[in-house]
Structures are given as C-alpha cells and as structure tokens.
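Chains as they are written, first to last, in the numbering used here: chain A, -15 to 623; chain B, -14 to 299.
Honestly, the hints are just simulated from the structure, not real lab data.
Check each hint, because a few of them may be wrong.
What the hints assert, rightly or not - List time: in silico DSS-like cross-link candidates among lysine-lysine, alpha-carbon distance up to 30 Å:
| hint | chain 1 | residue 1 | chain 2 | residue 2 |
| --- | --- | --- | --- | --- |
| 1 | B | K83 | B | K255 |
| 2 | B | K255 | A | K85 |
| 3 | A | K593 | B | K292 |
| 4 | B | K14 | A | K85 |
| 5 | B | K244 | B | K228 |
| 6 | B | K228 | B | K128 |
| 7 | A | K593 | A | K606 |
| 8 | B | K128 | B | K224 |
| 9 | B | K83 | B | K149 |
| 10 | B | K255 | B | K14 |
| 11 | B | K292 | A | K85 |
| 12 | B | K59 | B | K228 |
Claimed, not checked - Pair ranges (Cβ atoms, derived):
| hint | chain 1 | residue 1 | chain 2 | residue 2 | range |
| --- | --- | --- | --- | --- | --- |
| 13 | A | T365 | B | Q(-1) | 43 to 49 Å |
| 14 | A | T365 | B | D265 | 52 to 58 Å |
| 15 | A | T328 | B | R167 | 45 to 51 Å |
| 16 | B | T(-2) | A | L614 | 37 to 43 Å |
| 17 | A | Q247 | B | L293 | 53 to 59 Å |
| 18 | B | Q(-1) | A | Q602 | 39 to 45 Å |
| 19 | A | Q213 | B | Q5 | 40 to 46 Å |
| 20 | A | S146 | B | S288 | 38 to 44 Å |
| 21 | B | R167 | A | A76 | 37 to 43 Å |
| 22 | A | T365 | B | D245 | 54 to 60 Å |
| 23 | B | S288 | A | D360 | 53 to 59 Å |
| 24 | A | T365 | B | L22 | 45 to 51 Å |
| 25 | B | Q2 | A | Q602 | 18 to 24 Å |
We put the CB at the ideal spot given by N, CA and C, even for glycine.
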Amino acid sequence: MGILGISVSGLNAALAGIRTTQHNIANAGTDGYHRQTVNQTTHLPQSLGGLYYGNGVQVAAVARQYSSFLDNQVRTYQGLQSYSEIYSAYSAQVDDLLGGKSGLNNAMQTFFDGVNEVANDPTSSVARQQMLSSGQNLASRMSFLGSQLNGIKTSINNQVGSMATEINGYLGKIATLNGSIATGRSGQEASNDLLDQREQLVNELNKLVSVTQIQQSDGSVNIVLTSGQALVVGSNAVTVKSVDDAADPSLKTLGIEQNGNTQRVNESQLSGGELGGLLAFRREVLLPSMNDLGRVAIALADQFNSIHASGYDLDGNTGQNFFSDAASLLRQPVANADNTGTGTLAAALTDSNALTGSDYRLNYDGTNYTLTRLSDGASSTAASLAAVTSIGGQDQGFSLTGGGAPAAGDSWRISLTGDGALTFGVEVTDPAQIAAAGPVATAATAGNAGTAYIDSGSVSLATSLSGGVPLPSSITLTYSSATNQISVSGAVPPVAAVTYSSGSAININGITVTIRGTPSDGDTFTISNGAGGTGDARNALLLASLQTHTGMSGSTASYSGVYTQLVGRNATLAQGSDTNLAAYTTMTTQAKETQQSLSGVNLDEEAVKLVEYQQAYQAASKAIQVASTLFDEILNVVR
Amino acid sequence: MRISSLSFYNSTTQIMQDQQSGIGLLSRKIAEQKNFLSAREAPVDASRAMELSESLAKQAQLATNQLRAQDTLKYESTILTEMANALSSLQQVVADAKSSQDVTLRRQAAQQLNLMYTHLKDLANTRDDSGNYIFAGHQVNTKPFNHAPAYDDSLTTFPTDSPKASYAGDEGLRAMEIADGRSVQTSDTLQGVMQTRDPAGVDLLEAIDQLAIDLVDPNATNTLASIDTATSSINTAIKELNKLQTGLAGRQVQVRDAKDATSALQLIQKNALGNIQELDTAAAIIELQQRQTVLQASQQVFSQVSKLTLFDYI
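In isolation and in its complexed conformation, chain A is listed as follows (with noise of 0.2 Å):
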C-alpha cells in the first residue's frame, strides 16, 4: 500500500470512529443501550528490503461494552422490584380498604349500639328503627367490602390476561431477534444494536416474569421459565394466555399452548416479576382477606339469626331471620376441571365457631376420602365424607355430602366462606319483626294452692347459641311438701329435683328462673316457650351480648377480634412488601449504576473522543496533503 493508502486508512479509521461517536451521542437515552467502541489495529506490515513498514490503520471490531455478570444483576433484581411493586400496590389498596375509615368495625359498633337501645328500650319505635337502620349499614359495609375484594379479584384476572399479551408480544419479538442474530453470524458478528435490543426485551419480559435466559451458539438465546419450561427455542416462541385455574375456576393462571393442547403453569413456578407478585398478593393475601371476611359474615348471620329465631316480636310471632340465611352465604365446593368422575359435592355448615379462613382441598383415591386444609397441610382421610371432615380430631365446621360416581384422583375445592360477604344483607324489613321479647314464658299454674309465684326466667348466650331454645317441649317444676323440693320434668336432657328456697335460683340446662313465696303441696309452674309482655327484652340483650362473644376461631376471638387480626395481618404483609420494594428499588439503582459506568454513555467521554477522532482526521487529510504535495513536486521534475 502506498502512501496515500496509509492516510486513507488513518482516516476512515478516524471516520469510523467519528460514526460511532455520533450512534453513542444519539443513544444516551436509548434503554438497554450499551455504548460502543472502535478497536483499531494496525494493518500487515509490509516487508521491503528485509524491513518491515507500517501499512496503515484499520478497524478491528466495533465492540459493546457489555458484562453478561452486570446485566444479569440488573435484570434479577428489576425482577423482584417488578414483583415487589405490585405486591405492595395491591396490599396499600387493601389495607386502606379494610384498615381504614371504610372497614367494619364502625358499623359494626354503630349496630351494637342499636341493639343494646332496643335492650334498654324495647317498646321505643325508634330504638328498634335504630336497630333496622344501623343493621342495613353494616349489611352495605359488609356487601361492599366483599364486592371491592371481589372487584380486585376479577381485576387480577384481567390483568393476568393482558400480561399473557403483553408476554406474547416480548416472546414474538425475542424469537425473531434470535432469528435475524443467528442469520447474521453465519458471516459476520452479529449486530450490536440487535443484541441490545434482544437483551432489552428479555429484560421487559423478566419485570412480567421471572425467566432464564441460556445462550446458545449460533448466538440466540432460549427463554424459560423457573421451572425449565420453554417459552423461546431458537425463533420458535410458543404462546401463552389466561386460562381457569383447574382446583378454582373463578381464578385466572397462565397456561401454556402447545400442539393444540393448553397447558396449566404451576402458581409456583411463576415466582417472579409482575405476574408473579399479582399471583403471590392474590394467594396470600387477597384471597385470606376474603375468606376471613366472609366468614365473619356467616358466623355473625349465623349466631345473629339462631338467637333471633328463639326470640319474639312485638306481634308475638317468633323471629324470622334478621341477616341473611347463613346457609346462602357459603360457597359450594367447585371441581377439579381434570376430574373424570361424575362425582358431586355440597358442603353444609354445622357449626359458624369452628370455622377457619382456610382452603381445603378434597381427594378421592378410589376408596378413600383426604380432607386437605391448605394453609397448615393438616389432612384426614376416612373412606366416608361424613368422617373426613374432622382434622386431627377438630371438627372443621361444616359438613359434606356427595352424590354421582367419583372417579379416583379427583379432587374438589372447598371455599366455603370466600363469598360470605357478597351478598350479606339485611331481611328484617319492619322494626316490629325485631324479635327483642322470649325467648321462654313461665307461669304458675291457675289453681295452685300457695302463693308461690314464679318469675319470667332469663336464658344464657352459651344456651341460646346452642339450640337450648326454643325448648323442645315445656318443662314442669313440681313442689313437693314432704321432701320441700322442686322436681324438674320435660327438660332436656333431664334436670334433677332441687331443694325450694324462696328467692333462690334454679338452673335447668342454662335457663335460669327463681320462685318467691309459699308453694303448696302439688304447685306447679311451666316454662315454656313464648315471650312476655311488650317490655321484654330479654333476647334483645342475648343480641346485644353476641358483640363481645367470642363465637369465632373456636371461642378464641370476636367478630370484629377476627376482622382486627385480619387487617393486622394484610397491614405486616402491606408492611414486608413496602421494605422489600424500598430495598430493591436500591439494589436496582446501584446494579443500574454499576452496569451503566460499564456500558452507559458519557457525553463529556464522547465530547472528547469526538476531538480525539476529529484531530485524527485532519491530521490524515494533512498527511494526504503531504502525499499530493510529494507527488506534485515529482510531476512538476519530470514535466
């Protein structure tokens, strides 16, 4: 190469160098960009008279800057902020929803308080419209809480159905970018620019959900998720969408088409990213939040209505249901989608007290029944659904029973209280249905011989709650002279005879009357069911006694003891996911920083190089001058 070749080479160098400049200065702003440099070498000397002369300059590579370590970093913890991020938006919006202004607890107080008026007042008509009113508000509270759970519900549903588009589109693009990388390796380095942008997207995907990238020799990558399902081979990408889930079809997953066939991701395997985080806040606490709620509303319906309905109204008819039937509160179990049987499955509550805010999940294995409570694993099995329905010796509080041909390995899922919310309301329409009077009237018997009288009797929440009224028939209290005690038929189970004392109390399976005065031989006294006069409030203070009751969690907690635990609950996951998302925001800014003082742009770096490249080629052109000038001085010798 001549001397004129040798600064030709010095100045595309230099060109070349300016051109790269320019692609850092124009992408400073470019996301997942990685800035560029110009390797230049030396040209293969050439060798004349046994010495070896310098040739010129060329350009070796444009390289990236790129550490695969810090991008990897970048893109993990971009993972978990991305996961975080949503996980904590989600718990703030519950924890504002059932921890605030908005939660139950004030109208549950406010309707208390109307019970405990009409206890003090039972004639007053505006005690009980109180009462009707307060009650109605605690309905709508309840009713709305469990819609806005619900609201949430389908909103994760949807949402993992524009994340399966949204993923789609990333794995589309991903495969093509692999396709075009491997199409240009087969004769040159792959572009730069196109491995930026693959890198980029795989990075969008991982904020959606956790992948693995395995780079492959003819440069394409393979995406698969933590579990080693494929989602990118080569510039195949397969396709995902939102698909039921098989134990709970009323929640979304991601499921995975493949021939035709759709197949379910496993929740677990969707740990990271946005997805993962949605379904992680749905499971822990999305999902808890509603059973808890609901069951609150079926115990409280449950245990309201069961001591209402012992009780009388002011026209003397017993009480109907004052909330709505807990029985219409429970959701029934839901089949597996996979299930080849014909089997059926009702579930029934039998006790609101025994209640957990738990899942179960119910297998079949051909003989054998196994009741599953999800959030502990505890399990029983027993050939029959009557047997398996009590854990470790715990009655579960409700019931199964099933019906049609269940096949072995399926399962169903019981959820009963998730819904308990939705639809509590309010039946009693007419303050005069408020059964405040009863729930048992005595009397002494016309005709007795002493002057004896007997007084209306109270009976106890305990006995109340359990059925102890309305008595299955009335009961008798005999005098007898000759032993001077009180003998006891009709109760049951039976009550022994008690000695009389005037004033003094006596006890017959929680129900509590006193005598006062001087029976004869042969008195008697009846306590049956039936209410006194329009002052009787005597089941308005059993109601009223129901708000510090603890008749939940197995005679643990209250109503509103159980919703506190439940706020405090979501309020420490709301909490955990605040810290993690503050801590991975930081660990992303610092590995951002750290990947960027590798492969971000410095505009004052390129400031200078672009001197540096500018300089080169005026000094080149200079040397062509010198070349030119030569060559004229050789012509002007010769003309």
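Given the structure of chain A, go ahead and fit chain B onto it with the hints provided.
Frame of chain A; chain B shown alone:
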C-alpha cells in the same frame, strides 16, 4: 469510576422523588396529627389502636347504658320511698282507728284509708317518661293494678268481702348491660308488696278496703279482726318493700361502681390510644425540615451540575 450521563439524571431524580414523597407523607401526618396514616405503616400499633378504639366505643356504649340504668333505678327508688311513706302513714291511721270508737273519727279514718288505697294503687301504676308502667313486669303497656275499692262514702249496704284484687302485669324483670357481659336488673314487680296474702287470704289493698268498710258499717262485728288483718298486711307490705328497697340500693351501688370503673378504663384507654396514634409534632416538623433541606440541596446540585458539559467549550 466512569459514570454514564443517564445515571446522573436518574439518581438525582430518584433522590428528589424520595424526598418529595417523604415530605408529602409527613405533611399529611402533621395535618391529621397522626403517627401513622395506614395500618401497614405500623401493623402492631395499628391493630392495637383498632382494639383500643373498639373497646372505647364499647365503654361509651356501656356508659350510656349505665346512665340509663342509674336514671331508671333512681326513678323507681323515688316511687318506692313514696310508697314506704304511704305505708307508714297507713300504719298510723290504722293504729288511730283502733284506739277510737267515735263514729265520726272512724268515718274520717275510713275516708283516709280509701284515699291511701287510691294513692298506693296510683304509685303501683307509676309510668316512666315513655309511658310504660314500671311495675308491670314485661307488660309495660298494661295498667297492672286496675281494680276499684268497694268502699264508698255513700255506701248503704256493706259487703263483707272486698273484691279480690287483680294483677294485670307479669313477673318479667328488665335488665341493662352495665359492664362487659354483666347486666343489672332495672325493674321490680310489686307482687310481694301488694299481693302477699295473709292467712285470712287477703292482700294489702283488700285489707285496707275491708277495714274502711267495716269502720263505717254500723253492724260490723269483725272490725277488730279487720284492724288486725290490715295491720298485719301493712307490716308484711313494709317488710317486702324494705326487701325491694335494699335490693334496689344494692343495684344502684353496682351501677355506680361500674360507672367509676368505666370512666377509669376510658381514661386509661384514651391515653393509651393517644400514645399510639398521636403524632410527635416536634419530631415530625424537624424531620420535615431535614427533608426540605435535602430536597433543596439536590435541586441545587442538579441545576448546577447539569450546566456542566464539555460541548459548551468545544
């Protein structure tokens, strides 16, 4: 270390955003004077605050019940005192009648007895401010004692048996919840006072009525027996009334104690809730100022450093 131009902008933006959201949160806390605005900021404290608020609301409800119970018991106590006064005047009238054979005096005594009869019956038919009969058990809308005396100033024939008194109420007792799970009886019936029958088979009102008749009946032969019956009926009634009054006083003490306990508890819980929920304003304002300083500083740094670019000089 190399630094990319982009990360300079990003990190400065991040700092400013953090400070601004911190300032936003603090100013809301200061405006609401609350230590935390949502449960997730302090889950343990928030749960405790919920429990305390609930308990305070329950205490407020109990305080309302206690006031009501107190008023109801006080009202009944006033009536019972009045009744005790009436019974002791009655005792006096009967004693005076016994010691005098004078027809005029006896007629006066009979008239007095008749007035007392009505007075006692009116007291037993007392209504509260809602118009409910307080001594009718659960039959609050039914007048419990509504029979009339046989005695009349203008009687010419004198019955030997006063009409049997009747009671239209029942034995129902009312109660109000004054402490958690504890209720107090807030009504009594007068069965013992008004209707305890003496061995002759008559109750208080019948005995008075019969005595009034016998005092004016010129042919009466059993006046002395009637005086004895009346005396013994009145004594029984006084004894029964005393029992009621003693019981009532005991319940008034119960309500007062419950009231004291409730107000003490309310004070303790209000303080506890305040300690958990109320903002330490001074500390919050200092933190606000710190954050403002940092924000201003980062804004200044940004505005100055962003002016530095080599391109300005080449």
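Going through the hints against the structure:
1. K83(B) - K255(B): violated, 65 Å
2. K255(B) - K85(A): Between K255(B) and K85(A) the Cα gap is close to 19 Å, so the pair holds against 30 Å.
3. K593(A) - K292(B): Holds, at roughly 20 Å.
4. K14(B) - K85(A): holds, 16 Å
5. K244(B) - K228(B): Cα-Cα ~24 Å, so holds.
6. K228(B) - K128(B): Since the Cα atoms of K228(B) and K128(B) sit roughly 24 Å apart, the hinted pair holds (cutoff 30 Å).
7. K593(A) - K606(A): holds, 19 Å
8. K128(B) - K224(B): This hinted pair holds, its Cα atoms lying about 24 Å apart.
9. K83(B) - K149(B): holds, 24 Å
10. K255(B) - K14(B): holds, 20 Å
11. K292(B) - K85(A): With Cα atoms ~48 Å apart, K292(B) and K85(A) exceed 30 Å; violated.
12. K59(B) - K228(B): holds, 16 Å
13. T365(A) - Q(-1)(B): 43 to 49 Å: violated, 55 Å
14. T365(A) - D265(B): 52 to 58 Å: Between T365(A) and D265(B), where Cβ atoms are some 57 Å apart, the hint holds.
15. T328(A) - R167(B): 45 to 51 Å: Holds - the Cβ-Cβ distance for T328(A) and R167(B), about 49 Å, lies within 45 to 51 Å.
16. T(-2)(B) - L614(A): 37 to 43 Å: Check failed, 57 Å falls outside 37 to 43 Å.
17. Q247(A) - L293(B): 53 to 59 Å: holds, 56 Å
18. Q(-1)(B) - Q602(A): 39 to 45 Å: holds, 42 Å
19. Q213(A) - Q5(B): 40 to 46 Å: Hint holds: Cβ distance 42 Å, inside 40 to 46 Å.
20. S146(A) - S288(B): 38 to 44 Å: holds, 40 Å
21. R167(B) - A76(A): 37 to 43 Å: Distance hint for R167(B), A76(A) holds at roughly 41 Å.
22. T365(A) - D245(B): 54 to 60 Å: Because 57 Å falls inside the window, the suggested range holds.
23. S288(B) - D360(A): 53 to 59 Å: Holds, at about 57 Å.
24. T365(A) - L22(B): 45 to 51 Å: holds, 49 Å
25. Q2(B) - Q602(A): 18 to 24 Å: violated, 45 Å
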